[in-house]
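Q: Chain by chain, the residues:
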Amino acid sequence: MTFRVVVALELGAEGLTDHALSAVKAAQDVARQASTDVTAVVFADGSANPPQVEWDVASVVTINNATGVVDGLAAQQVLASLLDGQGPVLLLMPHVGLALEVAPGLAAAGGFGFGANLQSLAYRDGVIGTRSRFGGKVVETLSFDPGRTSVLTVRDGAFASTPVSSGETIKQRRIDTSAGVLTRRLTLDARATDGIDITKADVVLSIGRGIGDESNVARFAAIADSLGATLAASRPLVDVGWVEAARQVGQSGKTVKPKVYLAFGISGSIQHVAGMRSSDTVVAVNTDADAPIFEIAQYGAVMDVDDLASALESELAPK
Amino acid sequence: MKIVVPIKHVGQLLDGFEILDGARVDPDFIDYGMSEWDAVALAAATNLAASSDAVEIVAVAVADNDADATLREAIALGATRAVRVDTADRLELDVLQVSRLLADVIGREEADLVLCGVQSVDAGAGATPSALAGFLGHARVSSVLEITEVTDGLEVRRELSGGLVERRAVPLPAVLAMQSGFYEAGYPTMKAKMAAKRAEIEVLTTADLRSDSELDGRRGSTSTGLALKQSNGSAVTLSGNPRDVAVAIREIIQEALA
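Keeping their order, the protein sequence lines are chains W and C.
Count along the first sequence from 1, add 560, and you get the number used in this note's numbering.
Count along the second sequence from 1, add 118, and you get the number used in this note's numbering.
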């Protein structure tokens, strides 16, 4: 056995996300190729019960911080102490939430290898991964020295979210820790919804930077109405205040799974795609033929959404 | 309070870009400037400075001298001064190596607060804030929207996945990753631009901060190749004029709902 594989997950209010489960699957895959096994580490925030899992892994360790709060530095210190004296470890985390505060810092403090947001992973006499750069237009291949510990985060949607099952509940080891917590949660709230719920719609018409001007929002809202669709948007339009936050699709907004998702003027950042990937049918319209949104669309048109809006208006006008 | 804002000199890819030697994007095809989330971090810093007299903002870049224009932009936008760690002889530093050098500068400056963009335009990895906090042993919080100064440090409002918003108490020193949506990147006045043109940028070499051998040992991975993304997409092209596409979209919806 050359190295061990560890996958570290954060147990959120909604349990373990598909992204977290996909990190488990990624860990199982690379461990199988390297003929080694997997240890799963779950950070619980004290309020949630650790899930009972049947994953095909050697062991599950639950980290319960006595303060009931998961803090980035504290989690880094706990993982560092788990890795201490273990020999080389390949540590995987889903590229979201706690991992963004923990993984690079752990690698920096420990002198470990590091790679962020990997979209593929393989073992061939060493660990090789790929990541996308420049909004998905370029792919970079990275190799990691198997002789030293490396900390890698894996991209949402890049790996299947169904860990291989062992058919039996895995006994869990619980570690209670009081590692130094520096930051402290004061409040946790859902963002105001203003009575808007985009998650129930059969058809979502989602607009992005490509619509160009704030005055066009009302135009697409009217088109959405005529199509029987609910208006949604990507993050940039919410950031500038053109569209209500409750309509935001993506990692920091809502996840939608409509029958039809119309993506107008949306390039398809990783964070946006995380919120709409499971839609039944995606129709993308963008002036940039290389936009990543076309990778996950079933139908695509390279076109100015302004021109399309005019055509839709005349097509949908009462005759 | 002294605030360091790390600035990445990078930009969007231009159409028709090329990859040189399978290893790097031809810099002629990058529209260089300040990575957009760094501008948000800078806006957060100037906002803190506006409510307190004793705030110094230091913009720091690890880059060759092309980045001076971007550092001057940072000064025009409110940074008190700028420091550049010159990398003319070390072009291919990875995120941990750059963070190691940034952390050295932050240590030298004895900064109380480090405000980073949540991610960069090119790598999109969001790794620098945590890496800095790891090297410095600081508290860190990701996806911060808003910062308020309180008697024993800071209170921040930050995003969590799924539309949750958290308020968190953060002691100093700390590293915060600034997300867009609250602080708006500013526009420099002509007067500020002119003044920034004359501002002196302090230039350090990597050797001033760290030996080459130590820096080499900090590399997190080895890049073995860069390639154009090969399309895996199987999208059916809706061809024709806008009217044809409009009709097709209407039919797709009707079929899906039938």
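Derived from the structure by calculation, the hints contain no laboratory data.
Don't take each hint at face value.
[Claimed, not checked] According to the in silico footprint, chain C covers these stretches of chain W (three or more CB under 8 angstroms from chain C): (1) 630-638; (2) 864-876.
[What the hints assert, rightly or not] Short derived list, chain W residues pointing at chain C, Cβ under 8 angstroms: (3) Phe674; (4) Pro706; (5) Val724; (6) Ser726; (7) Gly727; (8) Ile730; (9) Ile735; (10) Leu742; (11) Asp749; (12) Arg751; (13) Leu787; (14) Gly813; (15) Lys819; (16) Ala857.
Each residue gets a CB set at the ideal place from its N, CA and C atoms; glycine is no exception.
Q: Please go over all the hints and tell whether each is borne out by the structure.
A: Now the hints, each set against the structure:
Using a Cβ-Cβ cut-off of 8 angstroms, 4 residues of the segment 630-638 of chain W lie near chain C, which meets the minimum of three, so the contact claim holds. With a cut-off of 8 angstroms between beta carbons, the segment 864-876 of chain W has 8 residues touching chain C; three or more are needed, and the interface restraint holds. Annotation: W:Phe674 was flagged as interfacial toward chain C, and the flag holds, the nearest CB pair being 3 angstroms apart, inside 8 angstroms. Residue-level restraint check for W:Pro706 is violated (minimum Cβ-Cβ distance to chain C is 12 angstroms; threshold 8 angstroms).
With its C-beta approaching chain C no nearer than about 24 angstroms, W:Val724 sits outside the 8 angstroms limit, and its interface hint is violated. The beta carbon of W:Ser726 is not positioned within 8 angstroms of any beta carbon in chain C (closest approach about 28 angstroms), and the interface hint is therefore violated. The criterion of a C-beta within 8 angstroms of any C-beta in chain C is not met by W:Gly727, whose closest approach is roughly 31 angstroms, and the hint is violated. Given the 8 angstroms rule on beta carbons, the hint for W:Ile730 is violated: about 25 angstroms separates it from the nearest Cβ of chain C.
Because the smallest distance between the Cβ of W:Ile735 and any Cβ of chain C comes to about 21 angstroms, over 8 angstroms, the interface hint for this residue is violated. Interface hint at W:Leu742: satisfied, since its Cβ lies 4 angstroms from the closest Cβ of chain C, which is below the 8 angstroms cut-off. Taking 8 angstroms as the C-beta cut-off, the interface hint given for W:Asp749 holds, the closest approach to chain C being about 5 angstroms. Interface hint status for W:Arg751: upheld, as the beta-carbon distance to the closest one in chain C is roughly 5 angstroms, under 8 angstroms.
Given the 8 angstroms rule on beta carbons, the hint for W:Leu787 holds: about 6 angstroms separates it from the nearest Cβ of chain C. The interface hint given for W:Gly813 holds, since its Cβ lies 6 angstroms from the closest Cβ of chain C, which is under the 8 angstroms cut-off. For W:Lys819, the interface hint holds, the least distance from its beta-carbon to any beta-carbon of chain C being 4 angstroms, beneath 8 angstroms. Taken as an interface hint, W:Ala857 checks out: its beta carbon lies about 4 angstroms from the nearest beta carbon of chain C, inside 8 angstroms.
This entry does not satisfy hints 4, 5, 6, 7, 8 and 9, going by the numbered hints stated previously.
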